[in-house]
Amino acid sequence: MKGAQWSFSRGLAIAAFSLPMLFSATSQANDELLKLQEDPNQWVMWGANYSGTRYSSLDQINAKNAKDLQVAWTFSTGVLRGHEGGPLVIGNTMYIHTPFPNKVFAIDMDKQALRWSYEPKQDSSVIAVMCCDTVNRGLAYSDGKIFLQQADTTLVALDEKTGDVVWKVVNGDPKLGATNTNAPLIVKDTIITGISGGEFGVRGYLTAYKVKDGSVAWRAYSTGPDDEMLVDPEKTTAMLKPIGKDSSLESWEGDQWKIGGGTTWGWFTYDPELNLIYYGTGNPSTWNPSQRPGDNKYSMTIMARDADTGMAKWLYQMTPHDEWDYDGVNEMILVDKKFKGKDRKLLVHFDRNGFGYTLDRVTGELLVAEKFDPAVNWATHVDMETGRPQIVAKYSTGQNGEDVDTEGICPAALGSKDQQPATYSERTGLFYVPTNHVCMNYEPFEVSYTAGQPYVGATLSMFPAPNSHGGLGNFIAWDAEKGEIVWSIPERFSVWSGALATGGGVVFYGTLEGYLKAVDEKTGKELYRFKTPSGIIGNVNTYMHNGKQYLAVLSGVGGWAGIGMAAGLEGDTDGLGAVGAYRQLSDYTQLGGVLTVFALPGS
Numbered sequence: 148m149k150g151a152q153w154s155f156s157r158g159l160a161i162a163a164f165s166l167p168m169l170f171s172a173t174s175q176a177n178d179e180l181l182k183l184q185e186d187p188n189q190w191v192m193w194g195a196n197y198s199g200t201r202y203s204s205l206d207q208i209n210a211k212n213a214k215d216l217q218v219a220w221t222f223s224t225g226v227l228r229g230h231e232g233g234p235l236v237i238g239n240t241m242y243i244h245t246p247f248p249n250k251v252f253a254i255d256m257d258k259q260a261l262r263w264s265y266e267p268k269q270d271s272s273v274i275a276v277m278c279c280d281t282v283n284r285g286l287a288y289s290d291g292k293i294f295l296q297q298a299d300t301t302l303v304a305l306d307e308k309t310g311d312v313v314w315k316v317v318n319g320d321p322k323l324g325a326t327n328t329n330a331p332l333i334v335k336d337t338i339i340t341g342i343s344g345g346e347f348g349v350r351g352y353l354t355a356y357k358v359k360d361g362s363v364a365w366r367a368y369s370t371g372p373d374d375e376m377l378v379d380p381e382k383t384t385a386m387l388k389p390i391g392k393d394s395s396l397e398s399w400e401g402d403q404w405k406i407g408g409g410t411t412w413g414w415f416t417y418d419p420e421l422n423l424i425y426y427g428t429g430n431p432s433t434w435n436p437s438q439r440p441g442d443n444k445y446s447m448t449i450m451a452r453d454a455d456t457g458m459a460k461w462l463y464q465m466t467p468h469d470e471w472d473y474d475g476v477n478e479m480i481l482v483d484k485k486f487k488g489k490d491r492k493l494l495v496h497f498d499r500n501g502f503g504y505t506l507d508r509v510t511g512e513l514l515v516a517e518k519f520d521p522a523v524n525w526a527t528h529v530d531m532e533t534g535r536p537q538i539v540a541k542y543s544t545g546q547n548g549e550d551v552d553t554e555g556i557c558p559a560a561l562g563s564k565d566q567q568p569a570t571y572s573e574r575t576g577l578f579y580v581p582t583n584h585v586c587m588n589y590e591p592f593e594v595s596y597t598a599g600q601p602y603v604g605a606t607l608s609m610f611p612a613p614n615s616h617g618g619l620g621n622f623i624a625w626d627a628e629k630g631e632i633v634w635s636i637p638e639r640f641s642v643w644s645g646a647l648a649t650g651g652g653v654v655f656y657g658t659l660e661g662y663l664k665a666v667d668e669k670t671g672k673e674l675y676r677f678k679t680p681s682g683i684i685g686n687v688n689t690y691m692h693n694g695k696q697y698l699a700v701l702s703g704v705g706g707w708a709g710i711g712m713a714a715g716l717e718g719d720t721d722g723l724g725a726v727g728a729y730r731q732l733s734d735y736t737q738l739g740g741v742l743t744v745f746a747l748p749g750s
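My numbering runs 147 ahead of the 1-based position in the sequence shown.
Calculated directly from the structure, the hints in this document are not laboratory data.
Here a beta-carbon is modelled for each residue, glycine too, at the ideal position from N, C-alpha and C.
One thing to keep in mind: the hints can contain errors.
The calculated lysine to any residue pairs, modelled on SDA-like cross-linking and capped at a C-alpha distance of 20 Å, are [what the hints assert, rightly or not]:
{"#": "1", "residue 1": "K359", "residue 2": "T309"}
{"#": "2", "residue 1": "K258", "residue 2": "G599"}
{"#": "3", "residue 1": "K672", "residue 2": "D719"}
{"#": "4", "residue 1": "K357", "residue 2": "N422"}
{"#": "5", "residue 1": "K322", "residue 2": "K695"}
{"#": "6", "residue 1": "K214", "residue 2": "N239"}
{"#": "7", "residue 1": "K357", "residue 2": "D311"}
{"#": "8", "residue 1": "K382", "residue 2": "L396"}
{"#": "9", "residue 1": "K695", "residue 2": "Q259"}
{"#": "10", "residue 1": "K629", "residue 2": "P521"}
{"#": "11", "residue 1": "K211", "residue 2": "P521"}
{"#": "12", "residue 1": "K268", "residue 2": "D320"}
{"#": "13", "residue 1": "K485", "residue 2": "V633"}
{"#": "14", "residue 1": "K359", "residue 2": "D320"}
{"#": "15", "residue 1": "K258", "residue 2": "I274"}
{"#": "16", "residue 1": "K250", "residue 2": "T240"}
{"#": "17", "residue 1": "K489", "residue 2": "K382"}
{"#": "18", "residue 1": "K669", "residue 2": "D206"}
{"#": "19", "residue 1": "K211", "residue 2": "G652"}
{"#": "20", "residue 1": "K695", "residue 2": "M256"}
{"#": "21", "residue 1": "K388", "residue 2": "T533"}
{"#": "22", "residue 1": "K357", "residue 2": "L181"}
{"#": "23", "residue 1": "K182", "residue 2": "D336"}
{"#": "24", "residue 1": "K357", "residue 2": "D306"}
Using C-beta positions, here's what the derived DEER-type ranges look like [unchecked claim]:
{"#": "25", "residue 1": "E420", "residue 2": "T575", "range": "20 to 26 Å"}
{"#": "26", "residue 1": "G671", "residue 2": "G749", "range": "25 to 31 Å"}
{"#": "27", "residue 1": "A260", "residue 2": "V317", "range": "30 to 36 Å"}
{"#": "28", "residue 1": "R676", "residue 2": "G548", "range": "44 to 50 Å"}
{"#": "29", "residue 1": "Q600", "residue 2": "G555", "range": "47 to 53 Å"}
{"#": "30", "residue 1": "G694", "residue 2": "K182", "range": "16 to 22 Å"}
{"#": "31", "residue 1": "T575", "residue 2": "T527", "range": "26 to 32 Å"}
{"#": "32", "residue 1": "Q600", "residue 2": "E400", "range": "18 to 24 Å"}
{"#": "33", "residue 1": "A275", "residue 2": "P440", "range": "27 to 33 Å"}
{"#": "34", "residue 1": "G576", "residue 2": "K357", "range": "49 to 55 Å"}
{"#": "35", "residue 1": "N693", "residue 2": "K308", "range": "18 to 24 Å"}
With these hints in hand, go ahead and build the complete structure from the sequences.
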């Protein structure tokens, strides 16, 4: 996770045919969640379903009446700073979360009153080692429990009816820079969670804990020896070929892999038929590429792992030897649809590096890799034979060397899209993507590793992409087969909100100024807007209660884009370069922490 409240000495420096068809043939996955995800009246996991499509078939709110939306009710969380993620809705109870101190609220939707609340007792020192604000991306539900991944890495199981702690387990050590911000995912009888801390030299891993008691089922590291990474040199493939023995170790110099990053703070998806979990790994450590020669495998990598054993089936490294902090942790959206006339099981991923990828999720075959922001200039294209981006020397911070300020790199380190999840519409077959339109100057410098201390080694400054509409963001519709933008909506600031597509032909997203917006799925025409109390970096979710469709979104400006406001930073290069780019944001919104619920008028 990026953006920070630190100021370093050098400036710190599914889709497709139908969900019931997909899941009725298998009883392998969590039976309760398989059933619940098919019910559009509820919202039971971060992406609405295991495929992460964030699509709802609800159509009471549609393109004709969306203009009539109004606020139904609100709830203040009592916490400032960035509110990412979105609420869960199970039965007649809504569960919402906050940034640090990671409060959880259970709200009776009949009464719009609290059933219970939970506030963990965490050492506030963890704030100092949280890169890019104190955000949390959401909760998970299964087996009568609500699961919270706390900032201090404690994974907690709460009784859904009382909020009492059932069990808890520690996932990492904040004293070494490890924290957590991700939303967990329940798969079968395990709960999948990652780890943050790439800017502190934390070695990334994914862990499966038993839902029943929190015991470890398996743990897979992003870098290192084959047995610790849970890869098979002959059976695990990359670009359809076996990866070979110790492929990660050979891509690092010495023991750099031990502090090599590749953290796993993004979103996780799952295919029950294939029994595979999909996720991405983050940037290598440090940000100074000169200190870590080699491809730095397997940072910046899409991974497909067996849910039972954690063993990797296939890998694809998008940005070998990353020189720009282009984390690969954004969501993997799983859709079954025709590709060039044939039915395919696809994975679609919009990476921080500015390329939109379409892969066969069974084999890992690379099918499409095209820029989803025309401003992207650090690479000309991706070689479809090797899978490697073709780097432009002018924008290579590694080739230009230490203590050289490489100017005009697009996108900036926060990427053409960061954590804000996209959505896929079964109606149109298009993906709707919240994006950033930001470039940067990047100066790497030598940095020493000290456990628990920032391990960055670069000074950044960010600014709007040149020769554009002058803003910092766009909301786009994307054709993942052609690799083309269908339509684009310019925005003053980056679109840092998770999007939602619906059966009513309406797509929803939020803006950093605080607007909830509804647009037509086919044209992007704006149908409705309402300004919430603070900037929106949360995800728009929808559900049905007592026969009425509702939309719910958390507002509370922050995250990397809003780190200046959230953490009180003022220098242009503070917050890993974001503060200068988003300085004007304070003219349009202020800090907050509010859930806003929308509906059509009438009982």
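Hint by hint, here is what the structure shows:
no., hint, verdict
1, K359 with T309, "17 Å, holds"
2, K258 with G599, "46 Å, violated"
3, K672 with D719, "35 Å, violated"
4, K357 with N422, "17 Å, holds"
5, K322 with K695, "48 Å, violated"
6, K214 with N239, "27 Å, violated"
7, K357 with D311, "18 Å, holds"
8, K382 with L396, "18 Å, holds"
9, K695 with Q259, "15 Å, holds"
10, K629 with P521, "15 Å, holds"
11, K211 with P521, "32 Å, violated"
12, K268 with D320, "16 Å, holds"
13, K485 with V633, "18 Å, holds"
14, K359 with D320, "23 Å, violated"
15, K258 with I274, "35 Å, violated"
16, K250 with T240, "16 Å, holds"
17, K489 with K382, "26 Å, violated"
18, K669 with D206, "16 Å, holds"
19, K211 with G652, "9 Å, holds"
20, K695 with M256, "12 Å, holds"
21, K388 with T533, "11 Å, holds"
22, K357 with L181, "18 Å, holds"
23, K182 with D336, "15 Å, holds"
24, K357 with D306, "16 Å, holds"
25, E420 with T575: 20 to 26 Å, "24 Å, holds"
26, G671 with G749: 25 to 31 Å, "28 Å, holds"
27, A260 with V317: 30 to 36 Å, "33 Å, holds"
28, R676 with G548: 44 to 50 Å, "47 Å, holds"
29, Q600 with G555: 47 to 53 Å, "31 Å, violated"
30, G694 with K182: 16 to 22 Å, "21 Å, holds"
31, T575 with T527: 26 to 32 Å, "30 Å, holds"
32, Q600 with E400: 18 to 24 Å, "21 Å, holds"
33, A275 with P440: 27 to 33 Å, "31 Å, holds"
34, G576 with K357: 49 to 55 Å, "38 Å, violated"
35, N693 with K308: 18 to 24 Å, "21 Å, holds"
Violation of the numbered hints given earlier is confined to hints 2, 3, 5, 6, 11, 14, 15, 17, 29 and 34; the remaining hints are satisfied by the structure.
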